[in-house]
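Peer 1: What follows is each chain in one-letter form.
There are 2 protein chains.
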Amino acid sequence: MSEHNKTMEETIFENAERLFFEKGFALTSTVEIAQASGCNQALVHYYFRTKENLFNTIFEKKFKQFFQYTFDLYTQTEFTFAEKLENLIRSHFNLIVKMPRLPYLIISEFTRAPERLKALREKLGDSLGQMFLALEKELQAEVEAGRVRPISAFDLLISIVSLNITLFVLLPIGTQLLDLDEQKVQQLLEHRREEHVSFVLNSILIQKAP
Amino acid sequence: MSEHNKTMEETIFENAERLFFEKGFALTSTVEIAQASGCNQALVHYYFRTKENLFNTIFEKKFKQFFQYTFDLYTQTEFTFAEKLENLIRSHFNLIVKMPRLPYLIISEFTRAPERLKALREKLGDSLGQMFLALEKELQAEVEAGRVRPISAFDLLISIVSLNITLFVLLPIGTQLLDLDEQKVQQLLEHRREEHVSFVLNSILIQKAP
DNA sequence: CCCTAATTTAATAGCACTATTAAATTAATC
DNA sequence: GATTAATTTAATAGTGCTATTAAATTAGGG
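From first to last, the protein sequence lines are chains A and B. Just so we're aligned, residue 431 is where the first sequence starts under the numbering used here, counting upward by one. Just so we're aligned, residue 431 is where the second sequence starts under the numbering used here, counting upward by one.
These aren't lab readings, by the way, just hints derived from the structure by calculation. Just so you know, not all the hints are guaranteed correct.
Which copy is meant is left open, because identical chains are indistinguishable; a pair holds if it fits in one copy or across any two.
Below, a list of computed lysine-lysine pairs in the DSS-like style, where the Cα atoms sit at most 25 Å apart [stated by the list, open to error]: (1) K614 to K548; (2) K453 to K481; (3) K481 to K553; (4) K492 to K528; (5) K528 to K491; (6) K528 to K553; (7) K481 to K492; (8) K553 to K491.
Make the full structure from the sequences, and use the hints.
Peer 2: Here it is as structure tokens:
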């Protein structure tokens, strides 16, 4: 239990968050947000002025959160490269499990209004760049040691991200298409998580001849 | 040159196609389609009755086209498994190059209205299933021969599709974020196409000890 | 209890859009 | 050239939405 009862502003914010994530910007109206929060629609505008404003606040919060986590994933150091990579893939996957609609939202909202990207790039700061450089350095050391096939950190990350996000972007469609129940979905996710790990490690690690 | 000048119905259809692919269903209005076609907005409704109708006609056409092509990709037989796989990945990639906005449209429109899936599943017929079975059979033969690590056709296809489509879904965002010009985009695509081939083949083929 | 500020509501202006209708125009046929 | 059908337009009903304004209500501090 939190100290105080939720203020209406918080309630609105949370309902907006939920609805935007469920249905995206265009299909969520301020009327609906108000109804879900048990207040008048004008109140939504009183607190957040515009729908765009409200959405951006929510979106930026989640976006930053996501990339901050992603950054944190790569700061442990007591592992081998292969282990760290394995961790990275699993953690990134697990992170998306917690925010399964974020990839779709990022895609659809930046496709709708690409100009917002530049603003976010600044707000993100260097964290992503730092992580990238750290990975690149270690990766190239492994390549030179002959333990990893030649590949750039850029390519490696794109591939990992592609595998992870597409699964969640296509999951609603796949669930519908294949008539999957909750349990089947769970199984599929666990299976694919390990498949992503295998897929990437098998692809870049050079097997020693026995 | 075609035999006759385009009828207004065709003009409307083509402009609608272009606009829907550029901006998706929600952000394209029948007014805009009419303006682009040089006619009154009522005419769009005269020929196609509703916007939904027009969109579905266009979408189903492209969707079928895409999967028909995909199916055709896997009917050649005079190659080794590795070569066929290589072909499949490259051709699938090249196909998306020709319809780069289709993946995004499939994702966004089925996310918007998932019930349409069932209808399309029937219209697609067996072609996809056939291709799937053919691949599965060959794949498992390779696995048993020890030339390929154990993996299902399902997993393999998901991974290939993930790599290929995410690239195009994220490309508009990436282009904006990294300030890529047309030439850089071209280079990136060619590079990634080959990277996808390497990534998949390295991942599933078992290297012989020298 | 009164005053003031914060919160909430009711009402509505105004926009963009889809879809329909009836009328006008063009083309086709006889 | 008159008649009919096909095409196109003008006008508009009707919907659902965002945002604003002014008024009403609630809560807190003196």
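Peer 1: When no copy is specified for K481 and K553, does a C-alpha distance of 25 Å or less occur within a copy, between copies, both, or neither?
Peer 2: within (21 Å within a copy, 39 Å between copies)
Peer 1: Between K481 and K492, at a C-alpha cutoff of 25 Å, which is it: within one copy, between copies, both, or neither?
Peer 2: within (17 Å within a copy, 34 Å between copies)
Peer 1: For K553 and K491, with the copy left unspecified, which applies at a CA distance of at most 25 Å: within, between, both, or neither?
Peer 2: within (10 Å within a copy, 42 Å between copies)
Peer 1: Is it within, between, both, or neither for K614 and K548, if the alpha carbons may be no more than 25 Å apart?
Peer 2: between (40 Å within a copy, 19 Å between copies)
Peer 1: Between copies, within a copy, both or neither: which fits K453 and K481 at Cα up to 25 Å?
Peer 2: both (14 Å within a copy, 21 Å between copies)
Peer 1: Since the copies are identical, ignore which copy is meant and state whether K528 and K553 lie within 25 Å (CA to CA) inside a copy, between copies, both or neither.
Peer 2: Only inside one copy: K528 and K553 sit 23 Å apart there, 35 Å across copies, limit 25 Å.
Peer 1: Up to 25 Å between alpha-carbons, please classify K492 paired with K528: within, between, both or neither.
Peer 2: For K492 and K528, only the intra-copy Cα distance (11 Å) is at most 25 Å; the inter-copy one is 34 Å.
Peer 1: Could you figure out if K528 and K491 sit no more than 25 Å apart (CA to CA) within one copy, between two copies, both or neither?
Peer 2: within (15 Å within a copy, 36 Å between copies)
Hint compliance for this structure: no hint is broken.
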